[in-house]
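Asker: If you count by the working numbering, then the sequence shown holds residues 12 to 323, one letter each, in order.
Misleading hints may appear alongside valid ones.
Said to hold, decoys possible - Taking lysine-lysine and the DSS-like style, the derived pairs with C-alpha atoms no more than 25 Å apart in a straight line are:
no., residue 1, residue 2
1, Lys175, Lys58
2, Lys184, Lys237
3, Lys58, Lys119
4, Lys216, Lys119
5, Lys237, Lys216
6, Lys148, Lys58
7, Lys26, Lys58
8, Lys133, Lys119
9, Lys133, Lys99
10, Lys133, Lys144
11, Lys237, Lys175
Claimed, not checked - Cβ-Cβ distance ranges computed for the label pairs, FRET-style:
no., residue 1, residue 2, range
12, Ser162, Arg227, 39 to 49 Å
13, Asn69, Asn95, 29 to 39 Å
14, Ser24, Ser93, 12 to 22 Å
15, Arg227, Asp203, 30 to 40 Å
16, Ser38, Gln141, 33 to 43 Å
17, Ser38, Asn70, 16 to 26 Å
18, Phe140, Ile86, 24 to 34 Å
19, Arg137, Leu64, 33 to 43 Å
Think of the hints as simulated: they come from the structure by calculation, not from any bench. Yeah, the Cβ is synthetic: ideal placement off N, Cα and C, and Gly gets one too.
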Amino acid sequence: MELGYTGVAYNHSIKGAMSNSDTCAISLIPLSSILQVAPQTLFNSVKFHRELLNVPVNNPFRQYTRLTVAVDSLIQVAALNSGNPVLKTYDLVAVKPSNQTTFEQACKVAEVDLIVIDFSEKVPFRMDFQNVKAAIKRGIYFEITYSHLISDIQTRRQMITNSKLLVEWTRGKNLIFSSAAASASELRGPYDVANLSSLLGLSMKHAKAAISKNCRSLLHECTRKKQYYQNAIKVERIISSTKPVDSKEAWFCDGDDYISSREGDLLLNDVATKIPKISKAIDFASIAEKIASNGFPLKDWLSPSKLPNMSK
Numbered sequence: 012m013e014l015g016y017t018g019v020a021y022n023h024s025i026k027g028a029m030s031n032s033d034t035c036a037i038s039l040i041p042l043s044s045i046l047q048v049a050p051q052t053l054f055n056s057v058k059f060h061r062e063l064l065n066v067p068v069n070n071p072f073r074q075y076t077r078l079t080v081a082v083d084s085l086i087q088v089a090a091l092n093s094g095n096p097v098l099k100t101y102d103l104v105a106v107k108p109s110n111q112t113t114f115e116q117a118c119k120v121a122e123v124d125l126i127v128i129d130f131s132e133k134v135p136f137r138m139d140f141q142n143v144k145a146a147i148k149r150g151i152y153f154e155i156t157y158s159h160l161i162s163d164i165q166t167r168r169q170m171i172t173n174s175k176l177l178v179e180w181t182r183g184k185n186l187i188f189s190s191a192a193a194s195a196s197e198l199r200g201p202y203d204v205a206n207l208s209s210l211l212g213l214s215m216k217h218a219k220a221a222i223s224k225n226c227r228s229l230l231h232e233c234t235r236k237k238q239y240y241q242n243a244i245k246v247e248r249i250i251s252s253t254k255p256v257d258s259k260e261a262w263f264c265d266g267d268d269y270i271s272s273r274e275g276d277l278l279l280n281d282v283a284t285k286i287p288k289i290s291k292a293i294d295f296a297s298i299a300e301k302i303a304s305n306g307f308p309l310k311d312w313l314s315p316s317k318l319p320n321m322s323k
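Please take these sequences and the hints and turn them into a complete structure.
Answerer: Next comes the structure, spelled out in structure tokens:
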């Protein structure tokens with residue numbers, strides 16, 4: 012959030028067959044502890060970076076849930092379909108193929124949003140243009156993680172070599188960059204990520220799109236899948252309110268709500284109202300001790316008037 016981003020996806024990874032225990036149990040993470048210590052610091056940082064990136068200050072910071080499934084058989088790929096109740100509990104679904112057969116089926120059949128390929132190691136299958144083209148035609152995006160580009164020289168060299176084919180074939184279309192960061196120290200700002208992406212052969216225009224425009228397009232595609240059945244029937248949520256709400260507002264909420272439940276929205280205006288006249292410096296050590304292992308609800312620091320009156 013402080014780097015200027017307007018959203019984050021919390022990922023849960025599984026390998027092989029799914030079960031009911033894999034239903035989304037991700038807790039949305041609030042910044043209540045930091046706000047209690049020094050909201051001024053957070054507010055100023057977010058405001059500065061958003062203005063630098065020409066992002067509206069009043070846009071909420073949204074949180075999404077994501078499932079990444081590593082598959083090694085056709086049966087596991089077949090489970091990635093729109094009727095799977097486990098997948099419906101996540102905002103985004105990604106697949107990580109581990110052999111030639113699963114890669115081809117992921118591109119042609121699997122009902123997912125993202126295809127993940129680990130380019131920091133030897134790719135366990137042969138990528139070909141026709142399969143990549145088929146995936147793009149179906150609205151599937153390919154993900155490249157940048158955290159490996161800032162690791163050791165050998166890993167960086169391996170990743171640049173392995174990912175260049177995909178970059179050339181997609182020409183930046185349906186390509187996104189994400190962090191896959193294991194710690195905050197591995198996160199980089201949008202401009203830094205764009206510069207790292209250019210190492211793979213992308214123009215700066217396409218590199219910027221891979222962390223902005225393409226990500227928004229991915230969310231729009233997810234919305235289309237959730238709202239429409241076979242591109243014909245639109246499914247809308249029922250609002251428990253007597254106040255009339257038009258169709259667009261009912262789903263998108265402020266016109267920019269894609270697939271987020273809004274429960275974890277961080278509103279900068281709410282942060283500003285909590286700024287004391289004198290703010291203390293952030294004591295990160297004490298903050299880390301207070302944070303629960305499973306996170307804590309973001310909506311705790313949202314004012315009641317900002318909470319959505321929407322059924323889940």
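Asker: Are there hints from earlier that the structure breaks, and if so, what are their numbers?
Answerer: Of the numbered hints, 1, 3, 4, 5, 6, 7, 9, 11, 12 and 15 do not hold.
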